[in-house]
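K.L.:
Sequence:
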Amino acid sequence: MRSLTCLALILSLAAPLGAHAASCGNTSAGFDAWKQDFDKQARKAGVKKKGRQALAGAQYANRTIAADRNQKSFKYSLDKFMRIRGADTIVAQGRKRKARNPNFYAALERQYGVPSGVLLAIHGMETGFGNFMGDSQVVSAIVTLAYDCRRSEFFVPHAIGALKLVDQGAITPATLGAKHGELGHTQFLPGNAMTYGVDATGDGRVDFYNLTDALASTANFLRQKGWKSGKGYQPGQPNFAVIKQWNAATVYQQSIAIMGARIDG
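When you line the sequence shown up against numbering that gives the first Met the number 0, it's residues 0 to 264, in that order.
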């Protein structure tokens with residue numbers, strides 16, 4: 000009897016803590032109800048009218064869920080990963096782009112300490128230098144992942160970030176990005192876009208679909224995550240661990256380090 004009383008007490012104390020947290024789901028069935036609950040969380044986090052309207056209009060993204068369940072390439076060997084991602088082409092194109100606009104990349108390195116090769120390798124890896132920045136609606140994709148139980152805790156801050164980007168006019172509900180809600184030339188997750196975005200063009204807004212803003216924001220992200228100017232970025236060197244902050248997959252980190260060195264070489 001005492002144990003039942005204790006259990007009841009524990010549950011009564013725990014209830015208020017979870018009362019305002021939106022539950023997750025693994026199918027589309029509970030998505031609309033979850034959005035209504037998440038709207039309260041978004042409002043408390045500072046999301047305004049436009050962002051909340053974007054949340055209300057978000058659709059369950061089946062293609063996003065399918066992609067999230069099928070990320071095979073990060074399990075490949077380094078050689079296979081680089082071959083499939085077109086590393087040789089990225090290096091060749093990266094060198095050409097650097098040669099065409101050396102002052103631009105040199106200015107970024109002076110300001111943020113990140114070498115041209117690293118930024119170009121990321122740009123090439125993520126979107127083929129802006130040639131394909133995604134065909135999924137950013138808001139719907141990231142809100143779906145915030146709802147999905149597999150990694151809800153990770154994606155909730157990014158969903159809040161996406162809604163705030165709508166409030167700011169940086170994106171709209173129709174803005175297209177990758178299937179996991181990444182946006183722009185280098186595929187920023189929305190929460191990171193909010194935190195590390197740089198208006199490098201000086202036009203009063205951060206536009207991740209503008210090359211200058213996108214690369215400056217990427218360099219700023221790496222610097223804020225601990226990039227040390229003038230230090231190496233190969234495995235075992237000080238800046239290699241910072242690449243992990245951009246993407247947690249080991250083969251991705253190794254590929255960026257290899258391609259970056261080849262572009263700068």
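In case anyone wonders, no lab produced these hints; they're calculated from the structure.
We put the beta carbon where it would ideally sit given N, CA and C, even for glycine.
Treat the hints loosely; a few may be bogus.
[Claimed, not checked] Below, simulated SDA-like cross-link-like pairs (lysine to any residue); rule was C-alpha separation at most 25 angstroms, straight line:
| hint | residue 1 | residue 2 |
| --- | --- | --- |
| 1 | 97 | 131 |
| 2 | 243 | 76 |
| 3 | 243 | 43 |
| 4 | 95 | 66 |
| 5 | 47 | 208 |
| 6 | 97 | 195 |
[Claimed, not checked] The calculated label-pair distances, taken between Cβ atoms and stated as ranges, are:
| hint | residue 1 | residue 2 | range |
| --- | --- | --- | --- |
| 7 | 231 | 35 | 45 to 55 angstroms |
| 8 | 171 | 88 | 29 to 39 angstroms |
| 9 | 229 | 48 | 41 to 51 angstroms |
| 10 | 88 | 248 | 16 to 26 angstroms |
| 11 | 85 | 203 | 19 to 29 angstroms |
K.L.:
Failing hints, ascending?
P.N.:
3, 4, 11
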